[in-house]
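Count the sequence shown with the working numbering and you get residues 79 to 574, in order.
In case anyone wonders, no lab produced these hints; they're calculated from the structure.
Quantities reported herein were computed from a predicted structural model and do not represent experimental measurements.
A portion of the hints provided could be inaccurate.
Using 30 Å as the maximum straight-line C-alpha spacing, the simulated BS3-like pairs for lysine-lysine come out as follows [what the hints assert, rightly or not]:
hint, residue 1, residue 2
1, LYS372, LYS407
2, LYS459, LYS363
3, LYS326, LYS315
4, LYS363, LYS209
5, LYS368, LYS459
6, LYS476, LYS363
7, LYS123, LYS189
8, LYS332, LYS315
9, LYS189, LYS368
10, LYS451, LYS368
11, LYS209, LYS476
12, LYS451, LYS500
13, LYS363, LYS332
14, LYS459, LYS315
15, LYS315, LYS333
16, LYS209, LYS459
17, LYS459, LYS500
18, LYS333, LYS123
19, LYS476, LYS123
20, LYS332, LYS407
21, LYS363, LYS333
22, LYS315, LYS372
23, LYS209, LYS368
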Amino acid sequence: MSEEILMNITPMESRVALVENGVLQEIYVERARSRGIVGNIYKGKVVRVLPGMQAAFVDIGLERAAFIHASEIAPRQEKNSEDTQERPIYELVHEGQSLVVQVTKDPLGTKGARLTTHISIPARYLVHMPKNNHVGISLRIEDVEERERLRQLVESCLEGQSESPSEYSADPGGFILRTAAEGIGDAEVRADILFLRRLWDTIEENIKDSKAPATVYEDLPLHLRTMRDLVNPNIEKIRIDSRETFEKVSKFVKKLVPEIDGRVEYYPGERPIFDLFGVEDEINKALSRKVQLKSGGYLILDQTEAMTTIDVNTGAFVGHRNLEETIFKTNLEAAVAIARQLRLRNLGGIIIIDFIDMEDSEHQRQVQRAFEKAMEQDHAKTNFTGVSELGLVEMTRKRTRESLENVLCESCPTCEGRGTLKTAETVCYEIFREILRAVRAYDGDSYMVLASEAVIDRLLDEESNNVADLEEFIQKPIRFQVEPIYTQEQFDVVLV
Numbered sequence: 079m080s081e082e083i084l085m086n087i088t089p090m091e092s093r094v095a096l097v098e099n100g101v102l103q104e105i106y107v108e109r110a111r112s113r114g115i116v117g118n119i120y121k122g123k124v125v126r127v128l129p130g131m132q133a134a135f136v137d138i139g140l141e142r143a144a145f146i147h148a149s150e151i152a153p154r155q156e157k158n159s160e161d162t163q164e165r166p167i168y169e170l171v172h173e174g175q176s177l178v179v180q181v182t183k184d185p186l187g188t189k190g191a192r193l194t195t196h197i198s199i200p201a202r203y204l205v206h207m208p209k210n211n212h213v214g215i216s217l218r219i220e221d222v223e224e225r226e227r228l229r230q231l232v233e234s235c236l237e238g239q240s241e242s243p244s245e246y247s248a249d250p251g252g253f254i255l256r257t258a259a260e261g262i263g264d265a266e267v268r269a270d271i272l273f274l275r276r277l278w279d280t281i282e283e284n285i286k287d288s289k290a291p292a293t294v295y296e297d298l299p300l301h302l303r304t305m306r307d308l309v310n311p312n313i314e315k316i317r318i319d320s321r322e323t324f325e326k327v328s329k330f331v332k333k334l335v336p337e338i339d340g341r342v343e344y345y346p347g348e349r350p351i352f353d354l355f356g357v358e359d360e361i362n363k364a365l366s367r368k369v370q371l372k373s374g375g376y377l378i379l380d381q382t383e384a385m386t387t388i389d390v391n392t393g394a395f396v397g398h399r400n401l402e403e404t405i406f407k408t409n410l411e412a413a414v415a416i417a418r419q420l421r422l423r424n425l426g427g428i429i430i431i432d433f434i435d436m437e438d439s440e441h442q443r444q445v446q447r448a449f450e451k452a453m454e455q456d457h458a459k460t461n462f463t464g465v466s467e468l469g470l471v472e473m474t475r476k477r478t479r480e481s482l483e484n485v486l487c488e489s490c491p492t493c494e495g496r497g498t499l500k501t502a503e504t505v506c507y508e509i510f511r512e513i514l515r516a517v518r519a520y521d522g523d524s525y526m527v528l529a530s531e532a533v534i535d536r537l538l539d540e541e542s543n544n545v546a547d548l549e550e551f552i553q554k555p556i557r558f559q560v561e562p563i564y565t566q567e568q569f570d571v572v573l574v
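When you get a sec, could you build the whole thing from the sequences and use the hints?
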């Protein structure tokens with residue numbers, strides 16, 4: 079599988095696209111005014127403790143207070159405690175207390191950021207956990223011998239600290255080997271450990287010198303995070319349309335990812351890079367509720383605050399053999415398409431998928447296997463709970479940042495996010511009721527109705543007989559005026 083990374087950089091906004099075999103799979107957007115804060119470390123101040131929720135609100139200097147659960151708080155002066163979540167929150171923190179925390183989830187909608195005191199700092203191959211002494215390995219490295227080799231490599235490097243005390247702090251902390259660490263040698267591990275320990279020493283100094291609330295460490299900008307987190311041996315090209323960013327990325331790559339140095343390219347073309355590779359069109363399609371399948375079937379995706387639902391339909395696909403075969407093929411195609419849409423739209427939380435009902439149990443198993451295999455490429459952590467009694471596939475996908483729709487869109491001011499409008503007929507009848515209320519409450523010579531063109535047209539056409547009957551009933555004339563700026567649901571009844 080060939081992969082490419084495309085970077086579209088402007089002073090206001092950075093966008094990164096991950097393209098696999100010519101098809102857009104993931105899109106990352108970071109705006110200068112609203113950079114994501116996942117990974118940032120803050121010295122915060124506890125502003126409210128909630129015993130009933132086993133949680134606390136922490137002021138970290140943002141517009142909304144952030145949220146931390148008791149299970150995410152490491153007890154003071156106790157390392158690797160396993161019973162934190164069983165202890166009452168008021169034993170762990172108190173109002174006014176300073177707390178060093180890290181953001182694990184960006185503010186989403188009306189919710190504040192999610193925090194933890196279990197600090198972790200990523201580098202190219204290792205993740206450093208200053209308050210832990212554990213050495214772990216990514217589960218995506220499946221080879222048993224390789225896992226053992228890497229574990230021994232890290233442990234031997236850590237043992238070397240006593241022989242080179244100038245290179246390491248007294249307490250080395252814990253480390254997790256990332257998926258990218260597969261196949262690396264002693265030099266890479268030592269370089270990462272040294273970098274992470276020096277970085278943590280700097281952060282500790284910032285913590286001592288800062289007064290809460292304060293930022294003590296900010297994660298890398300999007301273009302450098304991409305090089306740290308997304309680059310793997312399958313990446314063939316990294317194309318960047320900004321000369322300045324290209325130079326920054328090149329320096330970063332030479333220092334930390336030298337094996338892909340020759341794959342970073344500056345794109346100087348006049349045509350926008352996202353237009354050239356069809357990314358812009360795919361982004362616009364990813365904002366649509368409906369996703370067309372090549373066979374003629376389609377998906378309907380609905381995002382709500384509680385969950386995301388995905389419905390599979392055969393649409394125009396009629397198949398060639400029988401109904402069961404048609405349904406099976408549609409579901410197989412949908413399984414791959416859904417996996418891509420989850421990554422592309424960055425949908426998280428609870429996800430319910432309603433595949434078309436299949437009578438053959440073997441077909442059900444094959445569709446589920448195809449879906450799970452397609453999800454293996456996903457960088458986000460996913461969990462499948464199987465098929466429910468109603469035949470729905472239930473799953474969760476870890477959400478650490480806003481979905482693509484939430485980043486690029488806002489609720490429609492006309493329908494206020496409902497996705498539907500009252501019909502012109504409905505609004506006409508509301509106007510009739512409002513006129514009757516006005517007649518009972520006020521005494522006027524006549525009444526003026528201000529409304530949208532569609533509503534006024536209906537009042538003067540299909541509803542003209544009803545208007546005449548109403549005028550006769552109230553013994554007052556009713557006049558109408560189109561207001562171009564009114565939405566279909568807006569209207570006013572005025573005494574004149």
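Hints and how they fare:
{"no.": "1", "hint": "LYS372 <-> LYS407", "verdict": "holds (11 Å)"}
{"no.": "2", "hint": "LYS459 <-> LYS363", "verdict": "holds (25 Å)"}
{"no.": "3", "hint": "LYS326 <-> LYS315", "verdict": "holds (16 Å)"}
{"no.": "4", "hint": "LYS363 <-> LYS209", "verdict": "violated (44 Å)"}
{"no.": "5", "hint": "LYS368 <-> LYS459", "verdict": "holds (25 Å)"}
{"no.": "6", "hint": "LYS476 <-> LYS363", "verdict": "holds (23 Å)"}
{"no.": "7", "hint": "LYS123 <-> LYS189", "verdict": "holds (18 Å)"}
{"no.": "8", "hint": "LYS332 <-> LYS315", "verdict": "holds (15 Å)"}
{"no.": "9", "hint": "LYS189 <-> LYS368", "verdict": "holds (28 Å)"}
{"no.": "10", "hint": "LYS451 <-> LYS368", "verdict": "holds (23 Å)"}
{"no.": "11", "hint": "LYS209 <-> LYS476", "verdict": "holds (24 Å)"}
{"no.": "12", "hint": "LYS451 <-> LYS500", "verdict": "violated (43 Å)"}
{"no.": "13", "hint": "LYS363 <-> LYS332", "verdict": "violated (36 Å)"}
{"no.": "14", "hint": "LYS459 <-> LYS315", "verdict": "holds (26 Å)"}
{"no.": "15", "hint": "LYS315 <-> LYS333", "verdict": "holds (18 Å)"}
{"no.": "16", "hint": "LYS209 <-> LYS459", "verdict": "holds (23 Å)"}
{"no.": "17", "hint": "LYS459 <-> LYS500", "verdict": "violated (41 Å)"}
{"no.": "18", "hint": "LYS333 <-> LYS123", "verdict": "violated (37 Å)"}
{"no.": "19", "hint": "LYS476 <-> LYS123", "verdict": "holds (27 Å)"}
{"no.": "20", "hint": "LYS332 <-> LYS407", "verdict": "violated (47 Å)"}
{"no.": "21", "hint": "LYS363 <-> LYS333", "verdict": "violated (38 Å)"}
{"no.": "22", "hint": "LYS315 <-> LYS372", "verdict": "holds (28 Å)"}
{"no.": "23", "hint": "LYS209 <-> LYS368", "verdict": "violated (47 Å)"}
When each numbered hint is compared with the structure, violations occur for hints 4, 12, 13, 17, 18, 20, 21 and 23.
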